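Enquirer: Heads up: the sequence lines are chains A and Y, in that order. Position 26 of the first sequence, counted from 1, bears residue number 26 in our numbering, the numbering being contiguous throughout. Position 425 of the second sequence, counted from 1, bears residue number 425 in our numbering, the numbering being contiguous throughout.
These aren't lab readings, by the way, just hints derived from the structure by calculation. Among the hints, a few may not be true.
Said to hold, decoys possible - For lysine to any residue, the following SDA-like pairs were computed, each having C-alpha atoms within a straight-line distance of at most 25 Å:
id, chain 1, residue 1, chain 2, residue 2
1, A, Lys284, Y, Ile348
2, A, Lys358, Y, Gly276
3, Y, Lys267, A, Asn208
4, A, Lys203, Y, Glu201
5, Y, Lys33, A, Glu93
6, A, Lys284, Y, Val355
7, Y, Lys161, Y, Glu71
8, A, Lys358, Y, Gly309
9, A, Lys267, Y, Arg209
10, A, Lys267, Y, His354
11, A, Lys284, Y, Ala349
12, A, Lys272, Y, Ala349
13, Y, Lys262, A, Gly352
14, Y, Lys284, A, Ala349
15, Y, Lys33, A, Pro94
16, Y, Lys267, A, Arg209
17, Y, Lys407, Y, Asp63
18, A, Lys358, Y, Leu97
19, A, Lys267, Y, Gly352
20, Y, Lys203, A, Asp319
21, Y, Lys203, A, Asn429
22, A, Lys284, Y, Arg233
23, Y, Lys267, A, Glu351
24, Y, Lys33, A, Gly309
25, Y, Lys203, A, Leu97
26, A, Lys203, Y, Gln238
27, Y, Lys35, A, Gly309
28, A, Lys267, Y, Asn208
29, A, Lys203, Y, Arg233
30, A, Lys33, Y, Gly309
Said to hold, decoys possible - One-sided and incomplete, this derived list gives chain A residues near chain Y with beta-carbon spacing under 7 Å:
id, residue
31, Arg195
32, Ala228
33, Thr280
34, Arg291
35, Gly397
To be verified - Here are some chain A residues pointing at chain Y (derived, C-beta under 10 Å):
id, residue
36, Pro30
37, Gly206
38, Asn222
39, Tyr239
40, Leu298
Nothing here was measured: the structure is a model prediction, and the numbers come from that model. Where is the CB? At the ideal position from N, CA and C, for every residue including glycine.
2 protein chains.
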Amino acid sequence: MSNIQSYIKENQTRFLDELFGFLRIPSISPEPKHKKDMLSAAEYVRKAILQAGADHAGIVSTDGNPVVYGEKTIRKDKPTILIYGHYDVMPAEPLDLWKSPPFEPEIRDGRIYARGANDDKGQLYMHVKAFEYLVRSRALQCNVRFLIEGEEETGSESLKKFCIQNKEMLSADIILVSDTSMLDEDTPSITVGLRGICYFEVKVSGPNRELHSGLYGGAVVNPANALARIITRLTDEQYRINIPGFYDDVMEIPQSERNEMKKTPFKLEEFKESIGITGTAGEKGYTTLERLGIRPSLDVNGIWGGYTGEGTKTIIPADAYAKISTRLVPNQDPEKIRVLFENYLAQIAPEGVHVTVKYLHGGPGYMAPVNSDAYRAASMAYEKVFRKKPLPVRSGGSIPIIAEFEKILGLKSILMGFGLESDAIHSPNENFRLNVFFKGIETISHFYGFYCA
Amino acid sequence: MSNIQSYIKENQTRFLDELFGFLRIPSISPEPKHKKDMLSAAEYVRKAILQAGADHAGIVSTDGNPVVYGEKTIRKDKPTILIYGHYDVMPAEPLDLWKSPPFEPEIRDGRIYARGANDDKGQLYMHVKAFEYLVRSRALQCNVRFLIEGEEETGSESLKKFCIQNKEMLSADIILVSDTSMLDEDTPSITVGLRGICYFEVKVSGPNRELHSGLYGGAVVNPANALARIITRLTDEQYRINIPGFYDDVMEIPQSERNEMKKTPFKLEEFKESIGITGTAGEKGYTTLERLGIRPSLDVNGIWGGYTGEGTKTIIPADAYAKISTRLVPNQDPEKIRVLFENYLAQIAPEGVHVTVKYLHGGPGYMAPVNSDAYRAASMAYEKVFRKKPLPVRSGGSIPIIAEFEKILGLKSILMGFGLESDAIHSPNENFRLNVFFKGIETISHFYGFYCA
Chain A
1 MSNIQSYIKE NQTRFLDELF GFLRIPSISP EPKHKKDMLS AAEYVRKAIL
51 QAGADHAGIV STDGNPVVYG EKTIRKDKPT ILIYGHYDVM PAEPLDLWKS
101 PPFEPEIRDG RIYARGANDD KGQLYMHVKA FEYLVRSRAL QCNVRFLIEG
151 EEETGSESLK KFCIQNKEML SADIILVSDT SMLDEDTPSI TVGLRGICYF
201 EVKVSGPNRE LHSGLYGGAV VNPANALARI ITRLTDEQYR INIPGFYDDV
251 MEIPQSERNE MKKTPFKLEE FKESIGITGT AGEKGYTTLE RLGIRPSLDV
301 NGIWGGYTGE GTKTIIPADA YAKISTRLVP NQDPEKIRVL FENYLAQIAP
351 EGVHVTVKYL HGGPGYMAPV NSDAYRAASM AYEKVFRKKP LPVRSGGSIP
401 IIAEFEKILG LKSILMGFGL ESDAIHSPNE NFRLNVFFKG IETISHFYGF
451 YCA
Chain Y
1 MSNIQSYIKE NQTRFLDELF GFLRIPSISP EPKHKKDMLS AAEYVRKAIL
51 QAGADHAGIV STDGNPVVYG EKTIRKDKPT ILIYGHYDVM PAEPLDLWKS
101 PPFEPEIRDG RIYARGANDD KGQLYMHVKA FEYLVRSRAL QCNVRFLIEG
151 EEETGSESLK KFCIQNKEML SADIILVSDT SMLDEDTPSI TVGLRGICYF
201 EVKVSGPNRE LHSGLYGGAV VNPANALARI ITRLTDEQYR INIPGFYDDV
251 MEIPQSERNE MKKTPFKLEE FKESIGITGT AGEKGYTTLE RLGIRPSLDV
301 NGIWGGYTGE GTKTIIPADA YAKISTRLVP NQDPEKIRVL FENYLAQIAP
351 EGVHVTVKYL HGGPGYMAPV NSDAYRAASM AYEKVFRKKP LPVRSGGSIP
401 IIAEFEKILG LKSILMGFGL ESDAIHSPNE NFRLNVFFKG IETISHFYGF
451 YCA
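Work out the full structure: start from the sequences and follow the hints.
Expert: Quick look at the structure:
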């Protein structure tokens, strides 16, 4: 047993106790009523970093949720690793689908069940514990900075400003992030691409009040029917996006790289089965993995309007709403996409209703090289623990701040994710495998070893 | 001042007190939690009929909400009028748009504000008070039966069964109903046509849980996008219904009758302004009044799915739902339309999702002659009170039981409505004009006079 393995074994119940305390805080950033919980979660992280061995750690107020910053400096001429993570989580609704309450963590069948168990409290905490081991075992050979935010799930606006204002303090050699996934439990992977995002709320306003559908139906434009028509016009039958100019800046991936991607182990039947669908669909000419990794997408994230209670109510709704987001790929610019989206909606808005678009947040996509020192160190660290060389993958998800880090700080990020598809992040019964949690701590500590050697 | 006018003046505060007690009961039939309130409302009506002078009045249990039946027999050889009305009301949501609570009736600017003020508690109560006057002044020259139900807003299923089981008891010469509208405050009208209805709930089921829209977006069929496509395919751009066979049995109205309809006073600009819309739309080749009166329509009454809270949640919904209803005209058969709708949805359901249709309720349209004794009596009664001959109109609304009365009991109905467009039935701030309430009592008492003379 290696030193780090022994350390984890000796301290595992304490590690879980600490993580569970963190998971109990309902730090749901999209819901303003959790303002206080955001501060509690930030304070929890600050203390954890300090107790793990940081020279100092503090909470910085922002216009939004606070940023936690901590650091340990060994020697100025040593490399510096900047750890990024987030303490905010997604809303837990629908609550009735959770087998145990989302903010009362519970271990079942070797998994920790809680909102944030993986995304990102669990993954973030692995870094705090790997750092603790390195400090306590006097094996730390580089400087470390922690930069932990509370708005990742809502667009990282405050952290972006914080980075602009603190460029000097945040100077580093590499940013290390665990907020992504592995291909499966036995197949580690390093994420070398992320999609960007543009998130909108569309409101279709019709009559000045709900109308009786008998007395008005047939002569008045129904906002819900109109909204359906608008959504339908956003994509073609294969879900290729109809917005003029939308694909103009999409980076076309060379056939050679697409051939490489085909080597990724992926079983379509297992994919379908795991999420309970009978068929996939998407842009013509691309495989499922390509549709998820190298092509943009458009999804309705929520829709509502009119009577949604039990039974029947014979009305024409006064308004109808949809939350609609598109995932972007390099080199699509969210600001440009925002304008294209808004213009297209103005153009296709049916007569007789009024359509307004609210831009909620956005960020560009990201790409990382596979031939960097950091990539090699990460690859060796995974191989040592998982006994398998990790595969480079392009993820369909978005971490908008990763592209901003490159733009503002000039720093690349190395995305060492430990999530699994079955972790159900953003869904009811989010969970994180116990053995992955411990293996992650081990892998991260080896990354330090290889990178700083 | 006539006798009836004096009687109303002397008793007006008592009439309002009694009506307000009725309006305070939240007898919302579409919401099962109001089961007890349905019984309270039925009991309130039973007592009111009895106190107004019925020989007897009772409550009959059904599989659904109870039916109230009461009668007064003068002499077997006299004509019999069957009064139909309903004590159930629509849900009051959205509650925040009400200026005073929906079940705390309030008089403002000469109007009674409450859910049910017009539909149908207010209109029903006018009949109870007109009957009271006729009994107390010994002017009643016919037999009267009251048939009051609690499921009008949900399809009248229990009353239908009640009619089948009690044909004999319900024998009468005419059914008198106040559950429709006047053209405006100075223009009385008699409704000679009603649309039918078919009401469905459509569910689109996708993945077995909410999915992360980044990790899955672009390769998985989104149930909300799929639902939008389904709704869009139900009608063409002018909202003509695309369901094959849907128009097969639609009664085409002769040009001569359409020319008559054009004489109805109707100002398009005022219509648009009253409901705050910038433009109307509907089936090509028909005027707004025709679209509302003689043509079928299709409306989304409610739609929901995915994340509908504040801010952003980046998910693909597991399911999406819509309540969708169509208004039918003679001679469309709701059972046939139900099958056509279900078949069409099965046909257009996108691959990769599962579509289910629940039929919630339905009923056929109705037509009444303008040359009957009852029509003439109603016409004279209106003319006496409003000093204007009422116009025959076809209403876009549905009272499914009216067509059933004809089918089951062989009886025509005379629809003496006193509602106004500004009464906002089914909407927040439903109200009923005080002076219309009193004029209605007067008009109804004159109907008895002319019909039984």
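Enquirer: Could you run down the list of hints and mark each one as holding or not?
Expert: The hints, checked one at a time:
Proposed proximity of Lys284/A and Ile348/Y is supported: the alpha carbons are some 20 Å apart, at most 25 Å. For the suggested pair Lys358/A and Gly276/Y, the alpha carbons sit about 22 Å apart, so the restraint of at most 25 Å is met. With a C-alpha separation of about 18 Å, the suggested pairing of Lys267/Y with Asn208/A holds against the 25 Å cut-off. At roughly 23 Å between alpha-carbon atoms, Lys203/A and Glu201/Y fall within 25 Å of each other, so this suggested pair holds.
Restraint check: the Cα-Cα separation between Lys33/Y and Glu93/A comes to about 24 Å, which is no more than 25 Å; the hinted pair holds. With a C-alpha separation of about 24 Å, the suggested pair Lys284/A and Val355/Y falls inside the 25 Å cut-off, and the hint holds. For the given pair, Lys161/Y sits about 20 Å from Glu71/Y by alpha-carbon distance, which is consistent with the 25 Å threshold. Between the alpha carbons of Lys358/A and Gly309/Y the distance comes to roughly 15 Å, so the proposed pair stays at or under 25 Å and holds.
With a C-alpha separation of about 20 Å, the suggested pair Lys267/A and Arg209/Y falls inside the 25 Å cut-off, and the hint holds. Distance check on the hinted pair: Lys267/A and His354/Y sit about 22 Å apart at the alpha-carbon level, within 25 Å; holds. With a C-alpha separation of about 19 Å, the suggested pairing of Lys284/A with Ala349/Y holds against the 25 Å cut-off. A C-alpha spacing of about 19 Å is found between Lys272/A and Ala349/Y, which places the hinted pair at or below 25 Å, so the restraint holds.
As the CA atoms of Lys262/Y and Gly352/A are separated by approximately 23 Å, the hinted pair is consistent with the 25 Å bound. With a CA separation close to 19 Å, the supplied pair Lys284/Y and Ala349/A stays within the 25 Å bound. Taking the CA atoms of Lys33/Y and Pro94/A, the gap is near 22 Å; set against the 25 Å cutoff, the hint holds. This hinted pair checks out: Lys267/Y and Arg209/A have alpha carbons roughly 20 Å apart, not beyond 25 Å.
Using a Cα cut-off of 25 Å, the hinted pair Lys407/Y and Asp63/Y holds, with the two alpha carbons roughly 21 Å apart. Using a Cα cut-off of 25 Å, the hinted pair Lys358/A and Leu97/Y holds, with the two alpha carbons roughly 23 Å apart. Between Lys267/A and Gly352/Y, the direct Cα distance comes to roughly 17 Å. Compliance with the 25 Å bound is thereby established for this hinted pair. Distance check on the hinted pair: Lys203/Y and Asp319/A sit about 21 Å apart at the alpha-carbon level, within 25 Å; holds.
Between the alpha carbons of Lys203/Y and Asn429/A the distance comes to roughly 23 Å, so the proposed pair stays at or under 25 Å and holds. Among the hinted pairs, Lys284/A with Arg233/Y is consistent with the structure: their alpha-carbon atoms are about 22 Å apart, no more than 25 Å. For the hint linking Lys267/Y to Glu351/A, the alpha-carbon distance of about 20 Å falls within 25 Å, and the restraint holds. Restraint check for Lys33/Y and Gly309/A: satisfied, since their Cα atoms lie roughly 12 Å apart, inside the 25 Å limit.
For the suggested pair Lys203/Y and Leu97/A, the alpha carbons sit about 18 Å apart, so the restraint of at most 25 Å is met. Pair hint Lys203/A plus Gln238/Y holds up; C-alpha atoms about 21 Å apart against a cutoff of 25 Å. For the suggested pair Lys35/Y and Gly309/A, the alpha carbons sit about 16 Å apart, so the restraint of at most 25 Å is met. Pair hint Lys267/A plus Asn208/Y holds up; C-alpha atoms about 18 Å apart against a cutoff of 25 Å.
For a cut-off of 25 Å, the pair hint linking Lys203/A to Arg233/Y stands: about 21 Å separates their Cα positions. Restraint check for Lys33/A and Gly309/Y: satisfied, since their Cα atoms lie roughly 12 Å apart, inside the 25 Å limit. The beta carbon of Arg195/A comes within 6 Å of a beta carbon in chain Y, closer than 7 Å, and the hint placing it at the interface holds. Because the beta carbon of Ala228/A sits about 4 Å from the nearest beta carbon in chain Y, less than 7 Å, this interface hint is met.
Annotation: Thr280/A was flagged as interfacial toward chain Y, and the flag holds, the nearest CB pair being 5 Å apart, inside 7 Å. Interface restraint check for Arg291/A: the shortest CB-CB distance to chain Y comes to about 4 Å, inside 7 Å, so the restraint holds. Interface hint at Gly397/A: satisfied, since its Cβ lies 3 Å from the closest Cβ of chain Y, which is below the 7 Å cut-off. Hint on Pro30/A holds. Least Cβ distance to chain Y is approximately 3 Å, under the 10 Å limit.
At its closest, the beta carbon of Gly206/A sits 6 Å from a beta carbon of chain Y; the interface hint therefore holds under the 10 Å criterion. Against a cut-off of 10 Å between C-beta atoms, the interface hint on Asn222/A holds, since the closest Cβ of chain Y lies about 5 Å away. For Tyr239/A, the shortest C-beta to C-beta distance to chain Y is roughly 7 Å, which falls under 10 Å, so the interface hint holds. Interface hint status for Leu298/A: upheld, as the beta-carbon distance to the closest one in chain Y is roughly 8 Å, under 10 Å.
In this structure, none of the earlier numbered hints is contradicted; all agree with it.
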